[in-house]
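Asks: So you can see what is in the structure, the chains are spelled out below.
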Amino acid sequence: MPIKSSEITPEALYRQRRRMIALGLASLTLPLTSGLFANTKEQDMPELGDIDSDGQGKLTATKLETINSYNNYYEFGFAKTDPSQAAKTLITSPWSVEIGGEGADKPGLYDIADLHSEYAIENRIYRFRCVEAWAMVIPWNGIPLAKVIKAAQPNSKARYVRFQTLHDTQQMPNANWAGGPYIEGLTITEAIHPLAMLATGIYNQPLEQQTGAPIRLVVPWKYGFKYAKSIVRIDLVESMPRNTWWRQNPNEYGFYANVNPRFDHPRWSQASERVIGSFGRQKTLLFNGYADQVAYLYPDLSDRRYFY
Amino acid sequence: MRPKRLILAINLVILLLLLGQMLAAIQASDMASELRDTSGRWASYLLLATMLFTPLGYYRPVLRRYLPLRRHLGLWGFALAMMHLLIWVTLEFGFAWALMWQEMDGNLFIWLGLVALLLLVPLALTSNTRAMRKLGYRNWQAWHSLTYVAVPLALGHYLLAQKVVTAEPVLLLVVLVMVLVWRYRHAH
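Note that the protein sequences, when read in sequence, are chains A and B. My numbering numbers the first residue of the first sequence as 1 and each following residue consecutively. My numbering numbers the first residue of the second sequence as 1001 and each following residue consecutively.
Among the hints, a few may not be true.
Chain A side only, calculated, beta carbon under 7 Å to chain B, not exhaustive [what the hints assert, rightly or not]:
no., residue
1, Ser69
2, Ser269
3, Phe279
4, Arg281
The calculated EDC-like cross-link candidates involving lysine to aspartate or glutamate, where the alpha carbons are at most 20 Å apart (straight line), are [said to hold, decoys possible]:
no., chain 1, residue 1, chain 2, residue 2
5, B, Lys1163, A, Glu252
6, A, Lys88, A, Glu118
7, B, Lys1163, A, Glu132
8, A, Lys147, A, Asp82
9, A, Lys150, A, Glu238
10, A, Lys283, A, Glu132
11, A, Lys106, A, Asp264
12, A, Lys147, A, Glu102
13, A, Lys150, A, Asp111
14, A, Lys88, A, Glu65
15, B, Lys1163, A, Asp82
16, A, Lys283, B, Asp1105
17, A, Lys147, A, Glu118
18, B, Lys1163, A, Asp264
19, A, Lys88, A, Asp114
These aren't lab readings, by the way, just hints derived from the structure by calculation. Backbone N, C-alpha and C fix where the C-beta goes; we use that ideal spot for every residue, glycine too.
Construct the complete structure from the given sequences, taking the supplied hints into account.
Replies: Next comes the structure, spelled out in structure tokens:
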């Protein structure tokens, strides 16, 4: 069955892309004429300078060394510095991602190399906001998630998308911290949103193990724990997947986990964030600054369900 | 080695250890949070250590000769806890009081830490022999039993500040509970 009309990018969103250019989040990397999500070759990515961050003054892309050494990847240990040390031995090539589930009419097994040759790599500079109230600005390289999902030919049962991280007790010293593989999930409309991507690189370098090599989810309007790393399975499913953090602590973490400075974590505030690599704090923005692009997905902005 | 010399040596080891820890923290990707966490962690270790002197001295009377070390550990712990707060105010929040208030509003773990630190202030101020004489030993001891409030609060603060329950604060709390139980049993 082809994609339902409700699952196609709404025209309003299409129009908003021009407004995003005005936001300037991507204007430095992509020529205006090519549109926001136009494909660019890897070597086209220019030097990163200051990025206009819409009302927050200037934001600077976080340094690669910082992005690669300050990580949450509990399968390799709980401390921020653990993954960059312990994950080096994770073998990420060859690697394939299985796409299936009852909602996929055309399931398949994709090698990372196939994905790279099939889809052009796009560059996106996104704000990153961790639920622990720290933030970075990350220049990702990857492919739009929507393209991969549409290739699997979603049917009417494809209401949610479930992502599964590698679970390997041999290679991951802390693989069982959550009692099983790391699971994340999105609604199908979130998953086919043009901002959502499957990243394979940062700063035109392949992802390192600690940042989720070889392929990880990127959903910039949500808290960082939604960005499943080292993905081995993507399933189109009918019922809402129980993501790992929701299962771990349902009072503190839920399914949607959209960034909202007005809904605090039960134990700390989400009103502001620490920018890694610099001092002081900045205010957190609704949907991490992407409200114009994604707010239409969530009819009731006072519903806490959407924001933890 | 004579107790005095050993105490001096232990203080030197602590100083070097803390310097090493701080130097490592400064080189981390996120210096502000590393310094904040390192100072907080070491404050909990040292403050908890001060509570071990009485029970350990009970079983190994020879250790009582090292009692002056308890004061030193307490002062190190207090200094680190102060540093922990100052790093939060300066490096982390850059004196943005409104943001700090938002952070504190309704967040129990910050209040636990703050109250613990406030309780330690009179203890640090009266940690010298002169204050002890002036207060009289009984009064001084009563004041310093505030430790039994401050350290549990500080360790609760540590436990609640983590995203998940981690082993370290739990271990420290286990030691604390053991000390408290021992104390309760040996209360006159």
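Asks: Please go over all the hints and tell whether each is borne out by the structure.
Replies: Hint-by-hint comparison with the structure:
1. Given the 7 Å rule on beta carbons, the hint for A:Ser69 holds: about 5 Å separates it from the nearest Cβ of chain B.
2. For A:Ser269, the interface hint holds, since its Cβ comes within 7 Å of a Cβ in chain B; the closest pair sits about 4 Å apart.
3. The closest approach between the C-beta of A:Phe279 and any C-beta of chain B is roughly 5 Å, which is under the 7 Å cut-off, so the hint is satisfied.
4. Checking A:Arg281 against chain B: minimum C-beta separation of about 5 Å stays under 7 Å; hint holds.
5. For a cut-off of 20 Å, the pair hint linking B:Lys1163 to A:Glu252 stands: about 9 Å separates their Cα positions.
6. For the proposed pair A:Lys88 and A:Glu118, the alpha carbon gap of about 28 Å is over 20 Å, so the pair is violated.
7. Between B:Lys1163 and A:Glu132 the alpha-carbon distance is near 7 Å, which keeps this suggested pair within the 20 Å criterion.
8. About 34 Å separates the Cα atoms of A:Lys147 and A:Asp82, which puts this hinted pair outside 20 Å; it is violated.
9. A C-alpha spacing of about 16 Å is found between A:Lys150 and A:Glu238, which places the hinted pair at or below 20 Å, so the restraint holds.
10. With a C-alpha separation of about 14 Å, the suggested pair A:Lys283 and A:Glu132 falls inside the 20 Å cut-off, and the hint holds.
11. About 41 Å separates the Cα atoms of A:Lys106 and A:Asp264, which puts this hinted pair outside 20 Å; it is violated.
12. A C-alpha spacing of about 18 Å is found between A:Lys147 and A:Glu102, which places the hinted pair at or below 20 Å, so the restraint holds.
13. With a C-alpha separation of about 17 Å, the suggested pair A:Lys150 and A:Asp111 falls inside the 20 Å cut-off, and the hint holds.
14. Distance hint between A:Lys88 and A:Glu65 is fulfilled; the C-alpha atoms sit about 15 Å from each other, no more than 20 Å.
15. For the proposed pair B:Lys1163 and A:Asp82, the alpha carbon gap of about 16 Å is at most 20 Å, so the pair holds.
16. Distance restraint check for A:Lys283 and B:Asp1105: the Cα-Cα separation of roughly 15 Å lies within the 20 Å cut-off, and the hinted pair is therefore satisfied.
17. A hinted pair counts as satisfied when its Cα atoms are at most 20 Å apart, and A:Lys147 with A:Glu118 qualifies at roughly 10 Å.
18. Restraint check: the Cα-Cα separation between B:Lys1163 and A:Asp264 comes to about 14 Å, which is no more than 20 Å; the hinted pair holds.
19. Proposed proximity of A:Lys88 and A:Asp114 is contradicted: the alpha carbons are some 24 Å apart, above 20 Å.
In this structure, the earlier hints numbered 6, 8, 11 and 19 are contradicted, and the remaining ones agree with it.
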